[in-house]
Amino acid sequence: MLNVKDILATQDMIDKRHLDIRTITMGISLLDCTDPDVNQCAAKIYEKIVRRAENLVKVGTEIEWEFGIPIVNKRISVTPIALVGGACQTDSYVPLAIAMDKAAETCGVNFIGGFSALVQKGSTKGDEILMNSIPEALRQTKCVCASVNVGSTKAGINMDAVAKMGRIIKQTADVTADNDGLGCAKLVVFANAVEDNPFMAGAFHGVGEPECVLNVGVSGPGVVYHALQSVKGQPFDVVAETVKKTAFRITRMGQMVGVEASNRLGVPFGIVDLSLAPTPAVGDSVARILEEMGLEVCGTHGTTAALALLNDAVKKGGVMASNHVGGLSGAFIPVSEDEGMIAAAECGTLTLSKLEAMTCVCSVGLDMIAVPGDTSAATISAIIADEAAIGMVNSKTTAVRIIPAPGKNVGDRVEMGGLLGSAPVMPVIDKASDDFIARGGRIPAPLQSLKN
Amino acid sequence: MRAIVTVVGKDQVGIIASVCTCLASYQINVLDIRQTVMQGYFTMMMVADVSGSSIPVAELAQKLEEQGKQMNLSIRLQREDIFDAMHRV
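Sequences listed follow chains D and C, in order. Take 19 as the starting number for the first sequence in our numbering and just add one per residue. Take 24 as the starting number for the second sequence in our numbering and just add one per residue.
Some hints here could point you the wrong way.
So the derived label-pair ranges between C-beta atoms look like this [what the hints assert, rightly or not]:
(1) D:L465 with C:E82: 58 to 66 Å
(2) D:D255 with C:Q58: 23 to 31 Å
(3) C:E82 with D:H319: 48 to 56 Å
(4) D:A375 with C:R57: 50 to 58 Å
(5) D:G226 with C:Q62: 56 to 64 Å
With a cut-off of at most 25 Å between alpha-carbon atoms, the simulated PhoX-like pairs for lysine-lysine come out as follows [what the hints assert, rightly or not]:
(6) D:K414 with D:K334
(7) D:K120 with D:K172
(8) D:K120 with D:K250
(9) D:K172 with D:K414
(10) D:K34 with C:K33
(11) D:K120 with D:K333
(12) D:K23 with C:K33
(13) D:K66 with D:K120
(14) D:K414 with D:K469
(15) D:K34 with C:K92
(16) D:K172 with D:K23
(17) D:K372 with D:K34
(18) D:K263 with D:K334
(19) D:K76 with C:K86
(20) C:K86 with D:K334
Worth flagging that the hints you see were computed from the coordinates, not collected in a lab. In this text the structure is predicted, and so the values were computed from the model without any measurement. In this text, a Cβ means the ideal position worked out from N, Cα and C, and glycines have one as well.
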C-alpha cells in the first residue's frame, strides 16, 4: 500500500500550496478550412473546432474529479489564422476571429489562441491583413488571443514588423480603452515562438504539428516555495536539488493527466510544458520563491542569478518526469499575474530594466506589464526589439505582452480581473527611440559560433 | 482500478460505518483500511477497488464529498495513479 505520508503530502500540495494542472490545451489544425469566401472559411473554422473539441471540457472535469486535482484551464490553439485566411478574398480577418470566439464559447473553454502570424523574415498579404485586424478582432471577441512572431535566431528580426506591432498594440489599447486596454493582455509579440505552447496568450498550433494534439502546462510555484522554506540558509546545491525533486513530482502528475486526457479524447499526447506559472493568489508566486532564496524584495541585485538557478532546476527535474517536453518550459514572470511581482513593482524595486535582464535567463519575457497610456508606439516597438534581440542571440523564446493603459500613469493600477490579475503602471525611460524604429528593414541573424 | 479514500475531520460516532455503507451501495470493495485519531481529529485512509463501481468514478467522488459535508468531514476519493505518479519513479 502507498505510504500514508505520501498521500497526505500530495493532498497538502493541492489544498494548501495551489498545486494544479494549469492548462490542457487542444491544438487543432485548420489548414483544411481555407476558402476564397471569408464567411465560408469562418463557418468551416467553427465547425472543425467544435467537432474536435466538443468533449474537451467534459473530459477535463471528469479527470479533475477522479484524480482530485484541479485543471484550472481548458483551452484550444489553432493554426495561425494568417495561413488559413491567406486564400480569402478579403481585407479583414475579424470574421474568422469571431468564428473562433463562438467556437470557444460553444466548447466552454476560456481562451482560444492562434489569431497569429509568423513574420520573422517578412510578411505575406495574409500576414499584413492579420496584423491589421488584431485591434478590432480583440475588441469584438472575448476568448481570442493573438500573437505575432517578429524574429528568430535563424532569420534575425523583422524591424518593419516590430515597428508595426508597436502601433498595433497602441491601437488595441485605444479600442479597448473602456477596459483599461484589456485587449493588449491577449496579444503577444514573440521571437523564436514555439509551435506546441499550451499557455496563453501565445499558443498557436504550428504547421509541423499533427492534425490534432493535446498539450499540458503544469504549475506549482506554491509547492516549490514551501519546499524551499524547509532548506533555509543552506547552500545553493541544496536549493537546486530541492527544486528539482519538487519539479519532478509536479511534472509527473502533469504527464499522467495529459496521457489520461489524450486517451479519453482519442487525440495524440503532445508535450508537457515544464513551467512555474504563477497566479495572483497569495502563496502562488514566483517572486516569493526568489525572495525565499534570500532576497529582500524581488528585483534587487541577485534576482537574475536566483531566477537562473530556479529556471534550470525546474527543467532538470521535469525532463525526467515526462516523455516529451516542449512549449515554453521554465519559470514565468508575468507581473500582473504574480502577487509578489506586483508588490515588488509597486515598491519600485522591480523595474522594466531588471525584468529585461531576468528574461535572459527564464521562460518568455516581458509579460503582463502595464506602462503609461501616453507611451509612444516607437517606444513600445523599441521594447519589443530589445526583447527580440535577447531571444535571437540566446536561441530562446522571448516575448512582449505590454499594456499601454489609456489615461493611466505611473502609480495607477490596471485591473484585468481573474487569472490576468492587476498591474501597477511601471515607468518607461522617457528618451525617444523614434529614429531607431523608423529605419525599418531587418536585423541580420546572429553568428552561432564565436560566442562571448 | 484502485482508489484511495481519505477521511479527515472531528471524531464522531459512525464515520467508518457511513463511508463503508456508501461505498457498498455502489458495489465497491474495500481492500485495506488505516485509521488513527490525533488530538481528537480522525484520519482514515482506505484502499478501494472501484472497477466494479455502479456509477462513474467522477460521480462517486462527488457523492462522497457531499456526504462528507453533511457530517462535517472532508471525504475525498482519488484514483491511486496520481500518488503512484508523484511518489514512485
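Against the structure, the hints come out as follows:
no. : hint                          : result
1   : D:L465 with C:E82: 58 to 66 Å : holds (60 Å)
2   : D:D255 with C:Q58: 23 to 31 Å : violated (40 Å)
3   : C:E82 with D:H319: 48 to 56 Å : holds (54 Å)
4   : D:A375 with C:R57: 50 to 58 Å : holds (51 Å)
5   : D:G226 with C:Q62: 56 to 64 Å : holds (58 Å)
6   : D:K414 with D:K334            : holds (17 Å)
7   : D:K120 with D:K172            : violated (37 Å)
8   : D:K120 with D:K250            : violated (50 Å)
9   : D:K172 with D:K414            : holds (11 Å)
10  : D:K34 with C:K33              : holds (19 Å)
11  : D:K120 with D:K333            : violated (36 Å)
12  : D:K23 with C:K33              : holds (20 Å)
13  : D:K66 with D:K120             : holds (12 Å)
14  : D:K414 with D:K469            : holds (15 Å)
15  : D:K34 with C:K92              : holds (19 Å)
16  : D:K172 with D:K23             : violated (50 Å)
17  : D:K372 with D:K34             : violated (31 Å)
18  : D:K263 with D:K334            : holds (9 Å)
19  : D:K76 with C:K86              : holds (18 Å)
20  : C:K86 with D:K334             : violated (40 Å)
Consistency with the previously given hints fails for numbers 2, 7, 8, 11, 16, 17 and 20, ordered from lowest to highest.
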